[in-house]
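Asker: Listed below, chain by chain, are the residues.
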Amino acid sequence: MTIQSINGCIGCGTCVKTCPTDVIRQDPRTGKAVIMYPADCQICHLCRMYCPVDAITISPEKSIPVVVSWG
Amino acid sequence: MDTYSKSPFVKMSVLFFGGLPLMLWILGGFPERSFLKESLSVVTMLSFFFMIGMFFWSRANPLVVKDLKMRRTITIHKAIGYTCVAILLLHPLFLVLPRFFEAGVSPDDAFVTIVTTFHTGTVLGMLAWILLLILGITALMRNRLPMTYRTWRRWHGILAVVFIAAAAWHAIDLGRHSSLAMSGLIILLTTVGVRLFLKHTL
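Note that the protein sequences, when read in sequence, are chains U and H. For the first sequence, position 53 (counting from the first letter as 1) is numbered 91 according to the working numbering, and the numbering increases by one without interruption. For the second sequence, position 130 (counting from the first letter as 1) is numbered 558 according to the working numbering, and the numbering increases by one without interruption.
Hint data in this document are derived by calculation from the structure and do not stem from the laboratory. Keep in mind that a hint or two might mislead.
Pairs of lysine to any residue, SDA-like flavour, derived with a Cα cap of 25 Å [unchecked claim]:
1) H:K506 - H:G564
2) U:K70 - H:K627
3) U:K70 - H:T548
4) U:K55 - H:E530
5) H:K465 - U:I44
6) H:K506 - H:A488
7) H:K627 - H:E530
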C-alpha cells in the first residue's frame, strides 16, 4: 500500500478532487476522507501536498521523490 | 519554586496531564512526520491537557488548596492558564506554519480552507476558539468588569465548562493523535474536572 493513513481530516474534500486516480473518497456518513482504492495510488503526493491540515501520510518505504518545478 | 517542586499534588498532576498523554502519543504508533510538525502537535496536545488540568488546579479541588494553599494555587492557575490560552489561540496557525517550508498548498490558502469548512469538528473548534478568547480577555480584564469577584468567578467557571466541552469534542473528532486511549483519557479527565467544578459551585 502506498497511501498509508488519513489522521485529523476536516472533510474539506480537497484530496478527493486532487487525486488523479480516484483513490480517496469522502465518507457520506462522517464527511471525512477515506482511502477507498489504495492499490490504485500512483504516489503522486498531490493529496498530501494539497491537504490543508497535512492529514495524509504516504508510506515512506514506497515513496518516490516529489518532482517540484523551480521558479 | 521549591514548594511547587516538592508538592506531591504538582508531581501527580504533571504526571497525569503531561506524562500520560505523552506516553499515549509515544505508544500510539502514529505515522512519523517532521520534527517541526511533531513538536507543534505535542505542544498543542499538552496545552490542551493542561487546560483540562485548570479545573484541578483551582479552588474547586480541596486537595490542591490543602497542599499548596490558595495563594500558590492561584499563581499556578494563572501561569499555566495564560501560557496554554496563548498556545491554543495560536494553534490554528501551527497547522499551516510548516506549509511555508513545503511545496503544495500555500499557508494562507490552507488556512482559508480550514476556516471555511463547516463540519462538526471545525465548527466546534471555532466555537471553542472564541470561548477561549473570551475566557482569556475576561481573565486579564477582571478588575475592569462591572461585577463582583464571586460573580466573575462563577461566570469564569461556566465559560470554562462550555469551552472544555466544545474543545474536547473538537479534539476527539479532529485530533491527529486522538486514538481510542487518548480520547478515553480526554473524556475521563474532562468529566472529572467538570464534576469537580459543579460540585464546588452548586
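Asker: For the pair supplied as a hint, K506 of chain H and G564 of chain H, confirm whether the alpha-carbon distance does not exceed 25 Å.
Answerer: 10 Å, holds
Asker: What's the verdict on K627 of chain H and E530 of chain H, does the C-alpha distance respect the 25 Å limit or exceed it?
Answerer: Not OK: K627 of chain H and E530 of chain H at ~49 Å, beyond 25 Å, violated.
Asker: Could you grab the alpha-carbon distance between K70 of chain U and K627 of chain H and see if it respects the 25 Å cut-off?
Answerer: 38 Å, violated
Asker: Below or equal to 25 Å on CA atoms is what counts here, so check K70 of chain U against T548 of chain H.
Answerer: Cα-Cα ~11 Å, so holds.
Asker: Does the structure keep K465 of chain H and I44 of chain U at a Cα separation of 25 Å or less?
Answerer: 15 Å, holds
Asker: Within 25 Å, alpha carbon to alpha carbon, are K55 of chain U and E530 of chain H?
Answerer: Holds. K55 of chain U to E530 of chain H sits at ~20 Å (cutoff 25 Å).
Asker: So if I understand the rule, the pair passes when the alpha-carbon distance is 25 Å or less; does K506 of chain H with A488 of chain H pass?
Answerer: Satisfied, since the Cα-Cα distance of roughly 15 Å is no more than 25 Å.
The structure shown violates the earlier hints numbered 2 and 7.
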